[in-house]
Structures are given as C-alpha cells and as structure tokens.
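Given the coordinates of chain W, work out where chain X should sit on it, guided by the hints.
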Amino acid sequence: MEEYLVILLGTALVNNVVLVKFLGLCPFMGVSKKIEAAIGMGFATTFVLTLAAAASWAVEALILVPLHLEFLRILSFILVIAAIVQFTEAFIRKASPGLYRALGIYLPLITTNCAVLGVALLNVQEQHSFAESLLYGFGSAAGFTMVLVIFAGMRERIARLAVPVPFSGPPIAFITAGLLSMAFMGFAGLVAN
Amino acid sequence: MIEAIATMSALGVGLGIVLGVAARKFHVETPPIVDEIEAALPGTNCGQCGFAGCHAAAEAVADGSAVATVCPPGGREVALKLVEIAGPSCHAGGADLAGQEDAGPMAAFIFEDHCTGCTKCYKRCPTDAIIGAAKQIHSVIFDACIGCDACVEVCPTEAIIMRSKPRTLRNWYWPKPEEHFEPAA
Numbered sequence: 001m002e003e004y005l006v007i008l009l010g011t012a013l014v015n016n017v018v019l020v021k022f023l024g025l026c027p028f029m030g031v032s033k034k035i036e037a038a039i040g041m042g043f044a045t046t047f048v049l050t051l052a053a054a055a056s057w058a059v060e061a062l063i064l065v066p067l068h069l070e071f072l073r074i075l076s077f078i079l080v081i082a083a084i085v086q087f088t089e090a091f092i093r094k095a096s097p098g099l100y101r102a103l104g105i106y107l108p109l110i111t112t113n114c115a116v117l118g119v120a121l122l123n124v125q126e127q128h129s130f131a132e133s134l135l136y137g138f139g140s141a142a143g144f145t146m147v148l149v150i151f152a153g154m155r156e157r158i159a160r161l162a163v164p165v166p167f168s169g170p171p172i173a174f175i176t177a178g179l180l181s182m183a184f185m186g187f188a189g190l191v192a193n
Numbered sequence: 001m002i003e004a005i006a007t008m009s010a011l012g013v014g015l016g017i018v019l020g021v022a023a024r025k026f027h028v029e030t031p032p033i034v035d036e037i038e039a040a041l042p043g044t045n046c047g048q049c050g051f052a053g054c055h056a057a058a059e060a061v062a063d064g065s066a067v068a069t070v071c072p073p074g075g076r077e078v079a080l081k082l083v084e085i086a087g088p089s090c091h092a093g094g095a096d097l098a099g100q101e102d103a104g105p106m107a108a109f110i111f112e113d114h115c116t117g118c119t120k121c122y123k124r125c126p127t128d129a130i131i132g133a134a135k136q137i138h139s140v141i142f143d144a145c146i147g148c149d150a151c152v153e154v155c156p157t158e159a160i161i162m163r164s165k166p167r168t169l170r171n172w173y174w175p176k177p178e179e180h181f182e183p184a185a
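Those protein sequence lines, which keep their order, are chains W and X. So in this note's numbering the end of the first sequence lands on 193, straight run, no missing numbers. So in this note's numbering the end of the second sequence lands on 185, straight run, no missing numbers.
Bound conformation, chain W alone (with noise of 0.2 Å):
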C-alpha cells in the first residue's frame, strides 16, 4: 500500500512530467491562458493517460514480449494511445454530451501530447506491474494537470500586470514556468527515489 503511495506521490510531485521531466510542454504553455480550458485539458489528459499506461502495458505484456517484438515498442504504442483517444471520443460523445462539449476540443490534441507516450515508455523502462503502470499513469496526469491549472492561474494574473515591453507575451510565460518549475525542485527529497 505504501509502496503505492510513493509511486503516486512521486509522479505527481517529485518527477513531475512537465516541470521535471519536461514532457507535453506544448498543452502545458498552449492550453494555460485560462483556467477553465486548463481544467478541461487537464481532465481529459487524465483520462487517456490511465487508459493509455494500462493498454500499453497490455500491448508489451501481452504481445511484444511473447513474441520478441520489443524493437516495434515505440510504434506499437503510438498504434495504441491513437486508437484510445479516438475510442474514447466516440465513447464520451455518446454517453456524455456535457462532457464531450467541455472536452470535445482537446480530445484530438492528446493524441499528439508527448506526455502519453513517454509515460507508457517509463512504464516498460521502470518494469511495472500493471497495477503500478496504472497508478504511474494516473499519478503523472494528476501531476499534470496541476501543473497546467497552477500555471493557468499565475498567466491569467500576469495577464493583468504591467509586464516590461520586452517581457510581455510567450518571454513571461517562459520565465514564468522556469521559476515553477525551480520551485518543483523542493519536492526533490519528499519521496527517497
């Protein structure tokens, strides 16, 4: 159970995709000049990534390594996220209309956020156990989506401040994001790996 919780608490805080591992940086600075787009990002981001690591998972486990395919990984999971997103669009479109307007949008992005595929990637590198890919997956979305919704709120402020003329735009968000992620760093020694 503990050992669970580290896996959890690690993803979210400590190698945090974004700010530490520096995966899915376009959906983090594209998708953070409002709080609710964030949330709407980040929901559904949550959403494939569990799927997409428990898949991936089923994909090597399964197939890849059975039949010595290991070098088809990369390809094989892209395969996979795409066909999840799509399935999950048609899914969410049919059962829940609220939820597909609000996410509707972001949904085809995901397919090309680099965070998926580098969480199933650290999946099979890391050797989990299926549960552990699932919790590692959903502990890096929750991560990212805290991430995006902090980030959103600090730009919707800047928004609203007399930043320098050289400054203003992308060059604050930038800075932005480096001073968070430098204050990330402090969650270093949370969690002994």
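Worth flagging that the hints you see were computed from the coordinates, not collected in a lab. Computed from a prediction, not measured in an experiment: that's the story for all the values here. Glycine residues also receive a C-beta, built at the ideal position from the N, C-alpha and C atoms. Hints may contain errors.
To give an idea of the interface, some chain W residues facing chain X are shown, with a C-beta separation under 7 Å as derived from the structure [unchecked claim]:
no.	residue
1	K34
2	L69
3	L72
4	S76
5	A83
6	F87
7	F91
8	G98
9	M154
10	R155
Frame of chain W; chain X shown alone:
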C-alpha cells in the same frame, strides 16, 4: 521480419475494427439541419464568426442563437442560403440582409513592393492560399483564397488589400435564369 509485419498489421486491423464498431455503436445523430447548414458554410474554420469553427457556427444558427449573416467570408450568398435552410420562422431568418452587399467573390492581393516577407499573413491563412517563405515575397493563389480578410489585418506594412476575383474562363459560370413574377392583373 514477417512476424513483425504480421503483428503490426494484425494490431492495426484489430484496432481498426474496434474503432469501426465503436463508431457505429456510439454514433450520435446530429440534427440534419446542422449538417445542411454546415455544408452551406465555407468550411474553412477561419473563426471570424466568433465560434470555434464552422460546425459550432452551424449549431448556433440551427438553434437560433446566431443570425444568418454570421459568416463574414460567405457574404450575402451564404446568408441567403442559410435563410433558405433555417427558414423565416427561425431567428436566423429575421437577419437584415440589407447591409450585406454582394461584392462577388473577393480575393486577397499582395503589393509586392511593400511585402517584407514576414510570413505573418502566411501563418494566418486558413486555406494555405498564400505562398512564400521567410524574407521571400509572398503571393496569393487566387483559386484557393476565400476572401476571409484574416491576412489583411495582420500585415505590418499594409501591403494586402481585398480585390474582387478576376473573372476568368476558369471561374466564370453561366448566370442563373432570372425569375420574372408577373403581377396579377
């Protein structure tokens, strides 16, 4: 080698079948009027109407929250079509078309003397109708330009204007027969 090809093909086909079945099973009926309105719109998702793309605009016209003149690049022609589809009872039908003059199809034109090759217009074009590269003079492909005005406002040297499309043999068409209504005697 053959094993790898077979596995990837099987994976692809398998996922394809799953997605195909899912698309059938979870198919959501959109109201036919939305599809019809979307077909009448230019479909370039230029965003000038203020909605997130043509599909969102079509939905808004269908439920009456947007007027028929919602589409600036479409102009009078599209507005008339939308009134026809949505019907006069709908809010969209009550739109005022008087202000919409029929200027004919417009296309952007770049004054090459003023173009600095900054690529700003090139990036904004929803139909990729502007050719050129950084520090190269840009030019417009008339056939691809939908006259959406998006490039005009971003040009830092005001080198872009909208002109009516030159009538050539390729885009000329026979005008529709005019309708004559005989007043009842």
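Each hint, compared with the structure:
no., hint, verdict
1, K34, "violated (13 Å)"
2, L69, "holds (6 Å)"
3, L72, "holds (6 Å)"
4, S76, "holds (6 Å)"
5, A83, "holds (4 Å)"
6, F87, "holds (5 Å)"
7, F91, "holds (6 Å)"
8, G98, "violated (13 Å)"
9, M154, "violated (25 Å)"
10, R155, "violated (20 Å)"
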